[in-house]
Amino acid sequence: MDPRLGTALIVLFGVPAVIVGYIYATEVLLRGAPERLKPRVRPWLWLAPALLFLFFFLVWPTILTIARSFQGQLAGNWVGLDNYAWFFTSGEALVSLRNSLMWVVFLTLFTVGLGLIVAVLVDRVRYESVAKSVIFVPLAISMTAAGVIWRYMFEYQSPGSPQTGTLNGILTTFGVGPISFLQTQTLGLNTLFLILVMTWMWTGFAMVIISAALKGISVELLEAARVDGATEWNVFRHIVFPLLLPTIAVVSTTIVITALKTFDIVYVMTNGNYGTDVIASRMIKESFTFGQLGRGSALAVILLLAIIPIMGVNINRFRAQEAIR
Amino acid sequence: MEEKRRTRRTLVAIVGAAMLVAGACSSGQQAGKSVTVIGTWAGDEQKAFLAMVKPWEDQTGNKVKYTGTRDINTVLTTGVSSGVLPDLAGLPGPGQMTEFAKAGALKPLDSVLDVNTYKSETAKALVDLGTVDGKLSGVFIKAAIKGLIWFNPSLHDYTSAAPKTWDELKSQASANKGDAKAIWCLRLGSGAASGWPGTDWIEDIVLRQAGPQVYNDWWAGKVKWTDPKIKTAFQTYLDDVVANIPDKTEAVDPQKDFSGGGDPLFASPPGCELFHQASFITGLGAFKAKKAGTDYNFFPFPDIDPQFTGAVEGSGDLFGMFHDTEEAKSLIKYLVTAPAQDIWVKAGGALSANKNATSYPDDIAKRSADLLANAKIFVFDGSDLMPKAMNDKFWTAMLTITKDPSTLDATLADLDKAQTDAYKKP
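Read top to bottom, the protein sequences are chains A and B.
Heads up: the first sequence begins at -9 in the numbering used here, then just goes up one per residue.
Heads up: the second sequence begins at 442 in the numbering used here, then just goes up one per residue.
It should be emphasised that the hints constitute simulated quantities derived from the structure, not laboratory data.
No experiment lies behind these values; they were computed from the predicted model shown.
Please note: incorrect hints may appear among the correct ones.
[What the hints assert, rightly or not] Going by beta-carbon spacing under 10 Å, a handful of chain A positions derived as facing chain B: (1) W76; (2) Q173; (3) Q282; (4) L283.
For glycine and all other residues, C-beta sits at the position ideal for the given N, C-alpha and C.
Work the whole structure out from these sequences, hints included.
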């Protein structure tokens, strides 16, 4: 018998049977409990399996990672804050920190800015859905594939030979270049070119959400302003934009987290060479290539600490929205 | 009470059913005897390896389940700590082999192989490299000789009077450049390992300029990168090689794979006159379709300091055993034998560590195999022997200095810093 058949059988019948069995068992257990307690205990019993999974697959590994970050290359060898000291004194780790910050600032700026502009502009044309689809499509491409595609965009051939890279092909017809985009380290320009790839992918996401919020603004409000003599710019600046702000904040936090987690694009396009490493790619290198699991864990903890405040802002906003409702 | 008992019975039934299914699964896996193998070979190399194991499969009725990965270091390092490992695997290098053997993950091969035959058929240096604490832990499935200099005979045929010294090479190369655009072809790109073809250059120069003693101390971390002996090698590379390549930016482009590095030799007019690469290049790039001897040929890396004449750098793919099942033992025993090795050797692009494997497809492969077998001084690829973190920095450093030679001093100082860190006891 194919061993996969057995696995399939377990999934098909075993899993539902266990779930039904569990719920049945909790009811049996509750039967003896006083009537008053039942509604208070029942939700916890039903939540318990999910909480257990959450604990084992999220909380427990996090605790282990934090503990590991205080140990050296070998587990069990406690080194205190050495790994964190390494982070703040190693040139490469600091470069990855700088790049991650660049990613957060510029990716958010570019995607949200462009997304907002596109959403507002296409709102006024007849071919809106076509334009939006075209901009949204790249989001469906995997990051690795996007990296491969953009390698062709940025490709460099030595001067004099035919330029197969799209951008250099265009530049050389005007007598400029060729430029080796991904090797230009000045001012972190190559990191900016990588951010461009992600911008191409994620602008569609920002645009779709902002556009949806835009449709939710009542037309009467805008009409009233126009009747009162407001210019189109004033309508946007003082009515549309403030009403879009909560949405923009949510989109921004999502993009910031995406930016902090960036790995694929860098790995595929430069593998962190020429000073393009980000925290996530550094983390992989330290942990799995160099076997420095302590340092890798420290990087993971730093990444986690950086994301927590952003999550906090997001959760607060959700609470505020719930309160309004 | 009655209710409760019934529930318990139901639960027992469910658990029992689940266990039955699980049991059915595991017994299913044992039915076909197979050996899981992980290696770095893909494409033509993978085909050659599978052709090599085919006779063994036919003879024993067992199956080889091969998976190729470019990330073998990650797979095995995480595997050693989690215990999820293949039966046999290609090992990333002698350094990692030692680590895995010391961790007890690699099974010793002394009682598995016919050790006396193995030792008599294999170069001593290669046997020693596979030995950890007196136990044979890894065997070379294939080998390569590094630092061959390739040329296109139609531009200038060096076969009759190959340069013997570095200075001769320089003068002959510029005299015979003809209409080639530059003297040297150079490409360091190789995905995540970009930079390594450059490290081969430095190693070849260090070996012949400062000698095997300095070479071995250097990879062992006992000689600093800023040491004049090492720095001179870098300087030689920059002044004599990098100054004579067509385009630096292209040479260090990670997307321009080293395998196509020698292709300009065959262009018209030639993009370059000479190309420095290991023996395996004949199985890659444009070489594959060209005819050995008439379209391309090689001469060995010339001496720099005559006192170190006859020194050769080589490398190879180590193979080790993580699970000592009967099938795995039988397979690894078969793989090192001459008949098995002959199959791969015949496919081209590889040399065998086994001296009795002689089915080389052409004269060029035979000559490189002879170089390997008869080397007076044999050293292993130094960067592959360094700790992984050091090796990685070395790769990156080659990209940096090749792109901008003025960064040499700063880069070497960086490498020194990395050295103190990388050789620390864990």
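*Report the numbers of all earlier hints that the structure fails to satisfy, in ascending order.*
Every hint satisfied by this model.
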